[in-house]
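Using the sequences and the hints, build the whole thing.
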Amino acid sequence: MKKLKVLLLSCILLPILAWADVVDSCGEKVECIEIGRWDVGIALGYGNRTNPLKDYDDIPIYLVPTFAYYGDSWFFENGNFGYTLSEQEKFTINLTTSFSSDSAYFHRWDPSNIFIAGTNKFEPRTLLSSTATSPTILKAAQEPEVGELEKRHFTYFGGVEAFFYTRAGTINLSLAHDLLNVHQGTEAKLKWLYNLAIEDWKFEMALTFDWKSEELVDYYYGIRPGESRYWSQAYQAKSALNTGIEFTSHYVITEHWDLLLLARYTHIGDEIVASPLLNEDYTSTFFVGAAYRF
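Read in order, the letters of the sequence shown are residues -20 to -1, 1 to 274 in mature numbering (1 follows the signal peptide of the UniProt record, and there is no 0).
It is worth saying that the hints were derived from the structure and are not from the lab.
Some hints could be false.
Unchecked claim - For lysine-lysine, the following DSSO-like pairs were computed, each having C-alpha atoms within a straight-line distance of at most 30 Å: (1) K70 to K169; (2) K218 to K34; (3) K218 to K70; (4) K131 to K182; (5) K169 to K34; (6) K131 to K218; (7) K169 to K182; (8) K182 to K34; (9) K131 to K169.
As the list claims (entries may be wrong) - Computed spacing ranges between beta-carbons, pair by pair: (10) W54 to R209: 45 to 55 Å; (11) S212 to F71: 38 to 48 Å; (12) E67 to S264: 26 to 36 Å; (13) S212 to P45: 36 to 46 Å; (14) T64 to R209: 30 to 40 Å; (15) E128 to L160: 50 to 60 Å; (16) A214 to D180: 47 to 57 Å; (17) I22 to E179: 20 to 30 Å; (18) E179 to A214: 24 to 34 Å; (19) E179 to G138: 23 to 33 Å; (20) Y36 to A214: 19 to 29 Å; (21) L160 to W54: 18 to 28 Å; (22) L160 to E69: 34 to 44 Å.
Just so it is clear, CB atoms sit at the ideal spot from N, CA and C, and this is done for glycine as well.
Shown next, in the form of structure tokens:
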């Protein structure tokens, strides 16, 4: 049902594209970072990231920093490092690092909860609620609860990404592996982005597909024997695919000041939702505030 809502929402948003000019990857309607110069900004406002984990609080957002530096080949952007292997008119290929979005649910100050602006990243189903409608979840409500969780560590991913520039938007493909040997998992992403500008308004829309390997899913959402002997055997982690939609809007006030609206929705893969650690099958993020660019 949630996947259907994502598709319906995308169908509503995409026709808007016909009302605006095609936006170049770098042109008068899109601000680009100058090579050899730091790009620093900060947004103040209010937002929230819902936490799909049972007994974990949602994550409030009051401040969104952005830091970026681009050299001729090397670059740094919001905590991630990269190296451009090839940059052509129609495509770019980079070696890059990235954060784990899954560890953010377990740690309040995880980098993914700070750099929510990304690098340019929901109907609950409760385990213990008698109002749940899913037969699978109702069955799980009768089973033993999970004890105190062992620590799920932060890790850093490294891999390759490619951007393909078309009149229909930008296609971003990436493949990354655990660099710190925390879970030895792999993540592959497909993202479609479209930018448009209407006078002082700037918009970015995106559809995302995020595949996570069995090792990654098992590390964050699997159950250790010390947490629950029953669930460590009953829940067997499998690779999963998350799907999502993103919307970001800027209203330009002055050269340095913008109004910012950010909204994201991710439908979590069924293989992850089956974990007894979750009580929701989605996560959402929103932020509204004023942004200053130095």
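How the hints compare with the structure:
no., hint, verdict
1, K70 to K169, "holds (20 Å)"
2, K218 to K34, "holds (20 Å)"
3, K218 to K70, "violated (36 Å)"
4, K131 to K182, "violated (41 Å)"
5, K169 to K34, "holds (26 Å)"
6, K131 to K218, "holds (20 Å)"
7, K169 to K182, "holds (25 Å)"
8, K182 to K34, "violated (37 Å)"
9, K131 to K169, "holds (26 Å)"
10, W54 to R209: 45 to 55 Å, "holds (49 Å)"
11, S212 to F71: 38 to 48 Å, "holds (45 Å)"
12, E67 to S264: 26 to 36 Å, "holds (34 Å)"
13, S212 to P45: 36 to 46 Å, "holds (39 Å)"
14, T64 to R209: 30 to 40 Å, "violated (49 Å)"
15, E128 to L160: 50 to 60 Å, "violated (24 Å)"
16, A214 to D180: 47 to 57 Å, "holds (55 Å)"
17, I22 to E179: 20 to 30 Å, "holds (25 Å)"
18, E179 to A214: 24 to 34 Å, "violated (56 Å)"
19, E179 to G138: 23 to 33 Å, "violated (40 Å)"
20, Y36 to A214: 19 to 29 Å, "holds (21 Å)"
21, L160 to W54: 18 to 28 Å, "holds (21 Å)"
22, L160 to E69: 34 to 44 Å, "holds (36 Å)"
Hint compliance for this structure: hints 3, 4, 8, 14, 15, 18 and 19 are not met, and every other hint is.
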